[in-house]
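A.B. asks: Its first residue numbered 1361, the sequence shown is counted upward by one per residue in my numbering.
Keep in mind that the hints were calculated from the coordinates and are not lab data.
Do not take every clue at face value.
[Unchecked claim] Straight-line Cα separation of at most 16 Å, EDC-like style, residue types lysine to aspartate or glutamate; simulated pairs:
1) Lys1393 <-> Glu1426
2) Lys1383 <-> Glu1426
3) Lys1428 <-> Asp1479
[Stated by the list, open to error] Okay, the calculated beta carbon distance ranges per label pair:
4) Pro1634 <-> Glu1477: 50 to 60 Å
5) Thr1622 <-> Gln1665: 17 to 27 Å
6) Glu1463 <-> Pro1609: 24 to 34 Å
7) Gly1490 <-> Lys1386: 17 to 27 Å
8) Val1482 <-> Pro1431: 35 to 45 Å
9) Thr1622 <-> Arg1395: 43 to 53 Å
10) Ala1389 <-> Pro1634: 30 to 40 Å
11) Pro1511 <-> Gly1629: 26 to 36 Å
12) Val1664 <-> Gly1604: 46 to 56 Å
13) Glu1497 <-> Val1649: 25 to 35 Å
14) Glu1477 <-> Arg1605: 47 to 57 Å
15) Val1414 <-> Thr1622: 12 to 22 Å
16) Ala1438 <-> Arg1480: 12 to 22 Å
From the three backbone atoms N, C-alpha and C, an ideal C-beta is built for every residue, glycine too.
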Amino acid sequence: MGDARVKAELLSGVDLAPVDALKALKQEADQLKSRRASMEALKGDFAEPVYRRVDADYARQLESIEKKAEPLRQQAMAAYAGLRNALREIEAAHEAVKLDRQEIELRHKLGEFDAAERDRRVGAIESALGESRSAHERAQTLRSRFNEVFPDEAELDRATRVTAPPPAAPERPRVATGEQPRVPPAIEPAMTRVLPVLDLPELPKAPPAAAKTAPPPSTATVAGAASTMFLRTARLVPQSPEAGRAAIPLPPRPVTLGNDGTAEIQVGGPGVEPRHAEININAKGYTLVDLGSKLGTLVNAEPVQERLLRHEDVIQIGAARYVFREG
């Protein structure tokens, strides 16, 4: 329940000083540009040398403003990178708390505890939801401050994507069933039990004696052998309403995940882009690749760019969660 409070504290470290300085410089530059535009209409009323002198002075001032603004832009981008990551963590924490509430209802209906205990736990969950919602509103307010000097937020995201560190996975202890915890139990993607699996075997090698006489296998033969060896059946099992209801068999070819009509695996809910991620096939198995999404793709609650999937890995895209299972 303290996750949202911790995430909110991250927002206090966002430095808005370069943003305020850039805003002041932008106002000054806008005023100079307006004067130059007005001066064009008055050009015929004054001597040409006077017009050129004033115009050149305004141009020098604009150039000076641009030089002052450049280092401030770099500082503002660094601050925005921290804000963007904090916002992503706040949104992830909010979705996790919503799942916690569903878990409480399920355990109550299964007879694990009575209505009074359920109400107590739900009360704590509602408090956590309120904290995360408040933190999210604060983050959006801060983001609007950046938009005043960076109107193109997509460009700002692209500029900060390289420098922004991935958010740390939330750490919350798992409470054993049957105990009476002081805080509601939580289900996080990272807490899904990962079963041990054997490493897949490498391609068989020809005996040394045969290697001298046997012709080298063709590329098609090797690729076919690789596909046959690692492609035991695999599927994605939905774990949330946004992920759907039925298990999704993975075909022996690349598939895309997203909310676009052309995506082969349709993913619902907020934070999902048209082409959000892709599952590729190679000689090692199934590999999940994030396609440059804003909110990212998680495997076992860790942000990933590319990850070789293992049995019982939990994939999260927005609020949708899937369990990858082989066999």
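A.B. asks: Does each hint hold? Answer for all of them.
C.D. replies: Here is what the structure says about each hint:
1. Lys1393 <-> Glu1426: Distance ~13 Å between Lys1393 and Glu1426 Cα, so the pair holds.
2. Lys1383 <-> Glu1426: holds, 12 Å
3. Lys1428 <-> Asp1479: violated, 57 Å
4. Pro1634 <-> Glu1477: 50 to 60 Å: Since the Cβ atoms of Pro1634 and Glu1477 sit about 43 Å apart, the hinted range of 50 to 60 Å is violated.
5. Thr1622 <-> Gln1665: 17 to 27 Å: For Thr1622 and Gln1665 the Cβ distance comes to about 23 Å; the hint holds.
6. Glu1463 <-> Pro1609: 24 to 34 Å: holds, 28 Å
7. Gly1490 <-> Lys1386: 17 to 27 Å: Given a distance of about 36 Å, which is not inside 17 to 27 Å, the answer is violated.
8. Val1482 <-> Pro1431: 35 to 45 Å: Cβ of Val1482 to Cβ of Pro1431: about 50 Å, so the range 35 to 45 Å is violated.
9. Thr1622 <-> Arg1395: 43 to 53 Å: holds, 50 Å
10. Ala1389 <-> Pro1634: 30 to 40 Å: Holds: the Cβ-Cβ distance is about 36 Å, inside 30 to 40 Å.
11. Pro1511 <-> Gly1629: 26 to 36 Å: The hint (26 to 36 Å, Cβ to Cβ) holds, given that Pro1511 and Gly1629 are roughly 28 Å apart.
12. Val1664 <-> Gly1604: 46 to 56 Å: violated, 22 Å
13. Glu1497 <-> Val1649: 25 to 35 Å: holds, 33 Å
14. Glu1477 <-> Arg1605: 47 to 57 Å: Violated - the Cβ-Cβ distance for Glu1477 and Arg1605, about 30 Å, lies outside 47 to 57 Å.
15. Val1414 <-> Thr1622: 12 to 22 Å: violated, 56 Å
16. Ala1438 <-> Arg1480: 12 to 22 Å: Once the Cβ atoms are compared, 43 Å apart, the range 12 to 22 Å for Arg1480 and Ala1438 is violated.
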